[in-house]
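Whole structure, please, built from the sequences with the hints as guidance.
Protein sequences appear in the order of chains A and B. Counting from 1, one number per residue, gives the positions in the first sequence under the working numbering. Counting from 1001, one number per residue, gives the positions in the second sequence under the working numbering.
Hints may be right or wrong, so weigh each one.
[Unchecked claim] 20 Å max Cα-Cα, derived SDA-like pairs, lysine to any residue: (1) B:1126 with A:3; (2) B:1072 with A:4; (3) B:1072 with A:105; (4) B:1072 with A:1; (5) B:1126 with A:20; (6) B:1132 with A:86; (7) B:1126 with A:1; (8) B:1072 with A:3; (9) B:1126 with A:15; (10) B:1126 with A:87; (11) B:1126 with A:88.
[Stated by the list, open to error] Which stretches of chain B does chain A cover? Using the computed rule of at least three CB atoms under 8 Å from a CB of chain A, they are: (12) 1062–1076; (13) 1093–1103.
Calculated from the structure, these hints are not laboratory results. Ideal Cβ positions, reconstructed from N, Cα and C, are used throughout, including at glycine.
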Amino acid sequence: MSVAAVARKDFRDGIRSRLLWGLIALFVVSIAGFSVLATRNVDGVQAEGELAILFVLGLSFVLAIVVLVPLTGLVVSIKSIVRERELGSLKILLSLPHTRREVIVGKFLGRSALLTTAILAGFLPAGLVFAIRVPEFPVPEYLAFTLVTVLFGIVFVAVGLGISALVSTETRATVAGVGAFFLLYLWDNLFGYVNAQLDLLSGDALTFVLRFDLFTVFFDVLLTLFSLRYDDVPSASAAVSGQLAGGPEVAEIPAQPFYLQHWFALVILALWIAVPVAIGYLRFERADL
Amino acid sequence: MPAITVDALTKEYGDTVALRELSFAVEDGEVFGFLGPNGAGKSTAINVLLDLVRPTAGGATVLGMDAREESKAIRRRTGVLPEGFHVYDRLTGRQHLEFAIESKGSDDDPGALLERVGIPEAVDRKAGGYSKGMAQRLLLAMALVGDPDLLILDEPSTGLDPNGAREMRELIREENADGTTVFFSSHILEQVEAVCDRVGILRDGEMVATDTIEGLRESVGSGARLRVRVDRLEDDALAAVRSLDGVTAVEATDGDRGPVVTVDSTGSKTAVLSALEESGLTVEDFATREASLEEVFRSYTEASA
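See the structure below:
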């Protein structure tokens, strides 16, 4: 009851944010707008379905996945707690019978719902356009792609919420949010650099750490979903193959350790969501508010 | 069973001591005024009761439950008007109340609640556009959700005009008549004087007095000042008054409309008037003034303990 009440309140409040509306507009323009452009001249072209999905994976990916989804995830969450704390509305929230854990979980759900709304505002109209204009458009794959995009964004909601629960001022939250944004992008490079300098890990262990790169997680989760439908999806992580679309040689890689198989990305995804929220919660639980 | 017990509560922020072994109890069914100048530690103590702040030492119980361990259960039965709150600017009054109603699992009507606090017309307006006084009333309405057993009101009159403050006092009385224990803090005394069964005065994190208003007055020994207009002045009469029990000062002055005898006394006023008349003076008129609670308050919070 508490979690739902907090989540609903948070969603109602957040959905009226002008900033969120700006981001939703960007989703509509970049994803739905792109779908209209991409399907304008497909009449008569064969194998349009694959062509279109390639376009989605290409251009929309660049626009939406790389920038807009992480940005929106952080924007909807980074101030979710610290702002209420600084302004004083948190006193309203915690004067009512909610535990701090329920506040964190409720906010996580509410903010995740905001992010999902923003993503769907772009992806659903785009899907409709593709489905109507492109013969044999692979609807299940598109839905899987949308779902993974949402999950990917929720990781950023979790990171932003964790930061928001951890810090005591909005300014610090903003600085930490910008830092997190770049850190999550540069995970691969930073870790690769540090590892090369210090010679810490190699082989499977190194690959395992590199799997935590969020874009790798994104593809591996997508591969996992695709493997439910297709038998020829390579079983190994994109981090193993070193390339996004696995060629035949990847598919033939003999049994990898379980933690390098693509399904293990679900575990990594869960960790990416649970750990930042848990860290923020542990700090928030002890704080004087 | 007391509604609130605070036991040797200490709260330190670094080197600053906000509360020093604070102990007091609020009885079930009473209206308790928690008085003290700004910065005395009133809000810190209230925040401990609500588990917003964790004590350095000591503890508190609310409605018989541990403030730290059973906070949620406490808040389910308690209505709170916090201090220094901020409303959700983008949500309407109704949405605020719906949130409180859902949170407490009650079935109150948002419109009726806002009617009670005097702002029914604001129900569908966004709270961001409310005045400070309206926001205060909205929060009070939220505190009333679910017919709580205990109301904790931190500086409830903040932002209210005199009329609003009076309505607030009436509401406190109504709720109390209904059986609700009311614990409220204030640095303004008139508000406390009018509604409280008992008050506690906090200074520098310590309770320097807990008593009824009358008891407080007596304990500082501040009696009344009596001004008597007489037809003429006579030394014998003044001496007779001076010799009365409880008289601390007698002064004779010439007022605009005749001579005036001013008497400070903690004893009987009638005795003063009788003494003057028995000495042969005619009492034309007289006025008394009680020591104001303000003076009582100041004697506690400014003088050295």
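Quick rundown of the hints versus the structure:
1. B:1126 with A:3: Given that 20 Å is the threshold and the Cα spacing comes to 24 Å, the pair is violated.
2. B:1072 with A:4: holds (16 Å)
3. B:1072 with A:105: With a Cα-Cα distance of about 16 Å, the restraint between residue 1072 of chain B and residue 105 of chain A holds, given a limit of 20 Å.
4. B:1072 with A:1: holds (13 Å)
5. B:1126 with A:20: Given pair residue 1126 of chain B, residue 20 of chain A holds - Cα atoms ~18 Å apart, limit 20 Å.
6. B:1132 with A:86: holds (18 Å)
7. B:1126 with A:1: violated (25 Å)
8. B:1072 with A:3: holds (13 Å)
9. B:1126 with A:15: holds (14 Å)
10. B:1126 with A:87: Holds: residue 1126 of chain B and residue 87 of chain A sit about 17 Å apart, inside 20 Å.
11. B:1126 with A:88: Holds, because 17 Å separates the two Cα atoms, which is no more than 20 Å.
12. 1062–1076: Coverage by chain A holds here, the residue count being 5 at a Cβ distance below 8 Å.
13. 1093–1103: Check passed, 6 qualifying residues.
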